[in-house]
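*Asks:* Below are the chains, spelled out letter by letter.
2 protein chains.
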Amino acid sequence: MPDEIRSHPQIKHYASKRKKSPEEICLDRAFHHSAMKQLPRNRFLPEKMGRPDIVHNSLLQILETPLNWENNLSVFVHTQEDQLITINPKIRLPKNYTRFIGLIEQLFLEKRAPLEGDPLLIIQKTTLQQFIKKFNPSKTIGFSRIGEPDLLRNVANSTAKTSHPMVIIGAFPRGHFTKDTRRLLNEIYSVDERSLDTWVVAGRFVYDFEWSIGIAQKRIESRQ
Amino acid sequence: MPDEIRSHPQIKHYASKRKKSPEEICLDRAFHHSAMKQLPRNRFLPEKMGRPDIVHNSLLQILETPLNWENNLSVFVHTQEDQLITINPKIRLPKNYTRFIGLIEQLFLEKRAPLEGDPLLIIQKTTLQQFIKKFNPSKTIGFSRIGEPDLLRNVANSTAKTSHPMVIIGAFPRGHFTKDTRRLLNEIYSVDERSLDTWVVAGRFVYDFEWSIGIAQKRIESRQ
Chain A
51 MPDEIRSHPQ
61 IKHYASKRKK
71 SPEEICLDRA
81 FHHSAMKQLP
91 RNRFLPEKMG
101 RPDIVHNSLL
111 QILETPLNWE
121 NNLSVFVHTQ
131 EDQLITINPK
141 IRLPKNYTRF
151 IGLIEQLFLE
161 KRAPLEGDPL
171 LIIQKTTLQQ
181 FIKKFNPSKT
191 IGFSRIGEPD
201 LLRNVANSTA
211 KTSHPMVIIG
221 AFPRGHFTKD
231 TRRLLNEIYS
241 VDERSLDTWV
251 VAGRFVYDFE
261 WSIGIAQKRI
271 ESRQ
Chain B
51 MPDEIRSHPQ
61 IKHYASKRKK
71 SPEEICLDRA
81 FHHSAMKQLP
91 RNRFLPEKMG
101 RPDIVHNSLL
111 QILETPLNWE
121 NNLSVFVHTQ
131 EDQLITINPK
141 IRLPKNYTRF
151 IGLIEQLFLE
161 KRAPLEGDPL
171 LIIQKTTLQQ
181 FIKKFNPSKT
191 IGFSRIGEPD
201 LLRNVANSTA
211 KTSHPMVIIG
221 AFPRGHFTKD
231 TRRLLNEIYS
241 VDERSLDTWV
251 VAGRFVYDFE
261 WSIGIAQKRI
271 ESRQ
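Those protein sequence lines, which keep their order, are chains A and B.
Per the numbering used here, the first sequence starts with residue 51, numbered consecutively.
Per the numbering used here, the second sequence starts with residue 51, numbered consecutively.
In case anyone wonders, no lab produced these hints; they're calculated from the structure.
Misleading hints may appear alongside valid ones.
Each pair may be met inside one copy or between any two copies, as identical chains are not told apart.
To be verified - Below, computed lysine-lysine pairings styled on BS3-like, alpha-carbon distance capped at 27 Å:
#1 K145 with K87
#2 K87 with K140
#3 K145 with K67
Using the sequences and the accompanying hints, generate a full structural model.
*Replies:* Shown next, in the form of structure tokens:
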């Protein structure tokens, strides 16, 4: 919850209903739409904020997949405020949205979750540029309607040919990557004339990628 | 909310927090787990109840897709209590889970939503058998780990060859189709050795089906 709107009546009311203080709650446009109108536009891109549901749905679509079960997936979430969440592939994400929000709120407070044992989620201050430098991908690929038109399946096939690719998908409801982000991308593709939801692109890419590297075939052959 | 547990303290507390009466709220295991232990097992299959999040996630994954945009998808939700929800393909489903639950609660109360204008959701008492008779599919296909092992993509390809197929996916977290349901299925396939989430199977099937009937190819060609 950004400082700037913590004392807004809508936020205070929502926080008290949740028995938390305003700084402990996760911004969510479904509940904080009016308050969000007061976010200063010189510091924030409000139209790209307050949609943890997009992250939740997308994670649900890619974490419980053969690609992840076979240890071929690393997932990170980067926020506008340069917080980077590292997701342990072994996580069993809460399917229920309210429980997911509770987990994310705990994460922002404690910087890791759970507090004891192997961390399943870690959060740290990192710019996208710093993260890419550290991850050192062989190629960075983004999806955006202003990219080059191509079939998602073709993109997955060519991506699978490089050793250590990074795919970046915008988890915001509309708009495009910022100029700063575009500069970090080697290739940008547009896979449909209409805007596809983040979780649809993410889920389909993971599925296509499984085929590209032979996981789908391998898993069925082992059963026949 | 089943009659049998409407007076359970957990349900009464949850309903009053939501400012609704117990009969107006949607059963959700994430919030009503204790109360659900009192559901009579001779009338209900409690392990297959209380997961509207599965329906929500699955609908999000298939409704905003080229297959639906091109009018090649009809989606229905059938409940254990033989309520059949018919979904207008033009619906813009609430992405936020809490909003979705509110919509479903309104639907059960009013039998349609919205109250005025073109209905986007309708609910009526129908058994699965009655519904299949009325829909009159050329073939009914189900997914279950006790089915015949095959690649989801192969199943989509063969399904696309029949004129008016119906695909049935269990929207419950574990367990199998009942005997009564299995009797209504012409073919049952198992597409992975591990149990896949409903929304993963649904999303991937829709995507494969788009390829089977040439939608993916057509949409990209129109842009090149």
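*Asks:* Hint by hint, note whether the structure agrees.
*Replies:* These are the hints, each one checked on the structure:
no. : hint          : in the structure
1   : K145 with K87 : between (30 Å within a copy, 20 Å between copies)
2   : K87 with K140 : neither (38 Å within a copy, 29 Å between copies)
3   : K145 with K67 : both (22 Å within a copy, 22 Å between copies)
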